[in-house]
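**Q** The residues making up each chain are set out below.
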Amino acid sequence: MEEEQTVRELGHDEFNPNGTLALITLYFLILVVMWVFMYFVEFLGNELTVVG
Amino acid sequence: MNIHSYEKIWLVVAILLIVGFISTVTYGATAVGIDMVSDDGGTVNASALDEDPRFSDPRVEQVGDNEYEAYVVAQQFIFKPDPITVPANSTVTFFITSPDVIHGFEIVGTNANTMVIPGQVAELTVNFNEAGEYGVLCHEYCGSGHHTMEGSVVVQPEDEFENGGAE
Amino acid sequence: MGSALETGTPSFVDRFPQEASVVKSALMSSFIALFLGAIFGLIQGLHRTDVFRVLDSQFYYTVLTAHGVLMVVSFTIFFLVGVFTWAVVRSLDRPLEDIRYTWAWYGLMVTGTLMAVTAILGGFVPSSGLSADVLYTFYAPMQAHPLFYGGLAIFIIGTWLAGADWFRSWYNWKQEHPDERIPLQTFMVLTTMLMWYIATIGVATAVVVFLLPWSLGLIENINPLLTRTLFWFWGHPVVYFWLMPAYLLWYTVLPSISGGRLFSDPLARVVFVLFLLLSTPVGIHHQYLDPGIAEGFKLIAMTNTMFLLLPSFLTAFTVVASMEHGARQRGGRGLLGWLRALPWRNPAFTGMALAGLMFAAGGFSGMINAGMNINYLIHNTLWVPGHFHLTVGTASGLTFMAGSYWLWPQLTNKPLFSRPIALGQTVVWFVGMALMSNAMHVMGLFGVPRRTAEPQYQGFDFVASFGSITELRMQLALGATLLFISTLMFVGNIALSSGSPTRSGLGKPIRQPLSPAADSPEVLDNLKLWFGIAMVLVALAYALPLASIVSGSGIVDRGVSAAPMLIEGVSGLSPIAVVSDAVSRVGVVIAGVLV
Numbered sequence: 000m001e002e003e004q005t006v007r008e009l010g011h012d013e014f015n016p017n018g019t020l021a022l023i024t025l026y027f028l029i030l031v032v033m034w035v036f037m038y039f040v041e042f043l044g045n046e047l048t049v050v051g
Numbered sequence: 000m001n002i003h004s005y006e007k008i009w010l011v012v013a014i015l016l017i018v019g020f021i022s023t024v025t026y027g028a029t030a031v032g033i034d035m036v037s038d039d040g041g042t043v044n045a046s047a048l049d050e051d052p053r054f055s056d057p058r059v060e061q062v063g064d065n066e067y068e069a070y071v072v073a074q075q076f077i078f079k080p081d082p083i084t085v086p087a088n089s090t091v092t093f094f095i096t097s098p099d100v101i102h103g104f105e106i107v108g109t110n111a112n113t114m115v116i117p118g119q120v121a122e123l124t125v126n127f128n129e130a131g132e133y134g135v136l137c138h139e140y141c142g143s144g145h146h147t148m149e150g151s152v153v154v155q156p157e158d159e160f161e162n163g164g165a166e
Numbered sequence: 000m001g002s003a004l005e006t007g008t009p010s011f012v013d014r015f016p017q018e019a020s021v022v023k024s025a026l027m028s029s030f031i032a033l034f035l036g037a038i039f040g041l042i043q044g045l046h047r048t049d050v051f052r053v054l055d056s057q058f059y060y061t062v063l064t065a066h067g068v069l070m071v072v073s074f075t076i077f078f079l080v081g082v083f084t085w086a087v088v089r090s091l092d093r094p095l096e097d098i099r100y101t102w103a104w105y106g107l108m109v110t111g112t113l114m115a116v117t118a119i120l121g122g123f124v125p126s127s128g129l130s131a132d133v134l135y136t137f138y139a140p141m142q143a144h145p146l147f148y149g150g151l152a153i154f155i156i157g158t159w160l161a162g163a164d165w166f167r168s169w170y171n172w173k174q175e176h177p178d179e180r181i182p183l184q185t186f187m188v189l190t191t192m193l194m195w196y197i198a199t200i201g202v203a204t205a206v207v208v209f210l211l212p213w214s215l216g217l218i219e220n221i222n223p224l225l226t227r228t229l230f231w232f233w234g235h236p237v238v239y240f241w242l243m244p245a246y247l248l249w250y251t252v253l254p255s256i257s258g259g260r261l262f263s264d265p266l267a268r269v270v271f272v273l274f275l276l277l278s279t280p281v282g283i284h285h286q287y288l289d290p291g292i293a294e295g296f297k298l299i300a301m302t303n304t305m306f307l308l309l310p311s312f313l314t315a316f317t318v319v320a321s322m323e324h325g326a327r328q329r330g331g332r333g334l335l336g337w338l339r340a341l342p343w344r345n346p347a348f349t350g351m352a353l354a355g356l357m358f359a360a361g362g363f364s365g366m367i368n369a370g371m372n373i374n375y376l377i378h379n380t381l382w383v384p385g386h387f388h389l390t391v392g393t394a395s396g397l398t399f400m401a402g403s404y405w406l407w408p409q410l411t412n413k414p415l416f417s418r419p420i421a422l423g424q425t426v427v428w429f430v431g432m433a434l435m436s437n438a439m440h441v442m443g444l445f446g447v448p449r450r451t452a453e454p455q456y457q458g459f460d461f462v463a464s465f466g467s468i469t470e471l472r473m474q475l476a477l478g479a480t481l482l483f484i485s486t487l488m489f490v491g492n493i494a495l496s497s498g499s500p501t502r503s504g505l506g507k508p509i510r511q512p513l514s515p516a517a518d519s520p521e522v523l524d525n526l527k528l529w530f531g532i533a534m535v536l537v538a539l540a541y542a543l544p545l546a547s548i549v550s551g552s553g554i555v556d557r558g559v560s561a562a563p564m565l566i567e568g569v570s571g572l573s574p575i576a577v578v579s580d581a582v583s584r585v586g587v588v589i590a591g592v593l594v
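Chains as they are written, first to last, in numbering that gives the first Met the number 0: chain A, 0 to 51; chain B, 0 to 166; chain C, 0 to 594.
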């Protein structure tokens, strides 16, 4: 197996996880859309909701 | 404690998302009026169902204007009554119990879904609109014949039901 | 944590040969369980979709019980005790206190597993009188042979003793290092075990106080709602018992494999403390549709569960940030371009990365499951197994396999037999799981039930609002087949590695985190405090519901009779007669299964 090839060292103060922020924002948006779809379309749009 | 500013942002956003989920569910419980199956149905003696006025004779009974109660027994491996017949445009409260093991009761393709536990009575109220037919199945493993356990709910046009269409 | 990066590092087995031996045994038990469980899983996937039925449908439930127990009790927990032993010894840099004690608890776990699995497999041999066709959840009043409950109890006691072993190591280390923070891996192990001690109160009570005596005929009745509630008291935190070893690997191993460093040690501690606090007071979310439990208790469980999302959300950020750090250290650039600089040819990396990605999807279906009233839509449908195959099946399962590619050579001083096959295995798993789980989620939305041998009914058809049920069944069967092939690839690769020549220098060091433990408040290491708070939260969540169940239907319910899932019942016999009876029946089973 190949060993890790470190091209440069990044210390704590030099590293900003911009890519992570972008990906997690995308994830957040997917969650919101999926939740709204599941709850309001799939669930509330389904028949025989229990009301009592 | 040294937390990166991006992670602080995400912490706040995550908490907002969680609060959003809780709010949606609360909206469903209050504004939409969805009730959870609870202990409202009370308990029952599972080995003496034939002495209970409801479950000794599983049936649908009218209790008000467009209001009905359905007494259902789920047991290995049938639902009684089968079919469960109700009229269109009615509000039906199901009371479901079991004399043997834990079963499930799902009106297929709908949100009417509950567990059936011997000794407990599951009570749930739903509104039926148009005439039609639904399948019912047991979704909690209850023995070797579990996969054969099915029933049905028949929603009859109102005039047909009044003329004693079925019971 | 470990020392500076150097090549030709001594491996774990070089430094701690006796400990490596135990870890290897635990991992081997785990892989054997995975392999057997996978055979059963394939049978199920082909049977319920009506693609290929090799057994009579009543035996489906025997298969299902075996698959569940082997996968989520044996495979996962044997792996956990292996990885946790490795992690404690490595991070404290200290051998175990008494290796015989360690072998003893491992031996108990093996004994318990063999007892339970024998009882389950007895279901294939009706003449044995042994069976446990009760599924992994063993809901009363369905009743299994006492060997099943006894086996589970002994297994759990083994895990309790394992935890004590690691606490003892830490305690002795602390005498020699009084002012140091708990090393991160050990911190994770200890907080997980504290959670486990709290969680197992539920299932241990259900099994030891009620189900085992009941199956022996010592008590006549039980209250099925009570034992079910006690099961789920444990049944939710156990999923964190499956996840925490995966999180341990993601936090402490994955950053180094990615070429980087853990983004934040303090946040990792916070996450594990949150799991200790919140994992148990949520179990009622598995009972949203149960009669006999008031809506208020369900609402509390729902709120607690939603907050339990927080440590996983934090984990997503920290783990991805650590991977990004590694990618950028490897020369990756750009907002998303760094993804290409990750070591995708390393199966340990790719497996964990794919597992994490799949967990993001599984987490979502879990959020739906948690949503109290939306549970009406999916409860006990095929959506639920769709969800947990993504989480325990992939987030845990695939991470365990990927982690094994990294760890196994360090336990054996033998390199992995084939890196390309290992890499292929992770991809096949991901694709197979994506197909199977997607089909399960969608069919669940159409109302198709879980835990059912033949979900094809006479009186009605399932209506698919998009696609077709037939296509979805084929997809499920295909996915299950790919998963089985992937399992063979994994087990085969590990097995064939024993033929590799021994090599030195296979040790893999772990880099220091970017933000070290010293950056966090010392109160995080105050395990007694967190344990105390966790107990209070559990008491708040469960005292009233349990009291209400007992006052409503009794500590035992005399109206409910046992339903032995047996050919001949054994209740009424003395325990000694039952045990000797069981031993002779075990012989019949072994003969019956082998012939």
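In case anyone wonders, no lab produced these hints; they're calculated from the structure. Just so we're clear, the structure is a prediction, and the values are computed from it rather than from any experiment. Careful, some of the hints might be misleading.
Unchecked claim - Straight line, CA to CA, 20 Å or less: simulated SDA-like cross-link-like pairs of lysine to any residue: (1) K507(C) to E8(A); (2) K79(B) to K7(B); (3) K413(C) to P508(C); (4) K7(B) to L25(A); (5) K7(B) to K413(C).
What the hints assert, rightly or not - Facing chain C, from chain A, some residues (calculated, C-beta under 8 Å): (6) T5; (7) P16; (8) T24; (9) L30; (10) M33; (11) Y38.
We treat Cβ as the ideally placed atom computed from N, Cα and C, and that holds for glycine.
**Q** Failing hints, ascending?
**A** 2, 5 and 8
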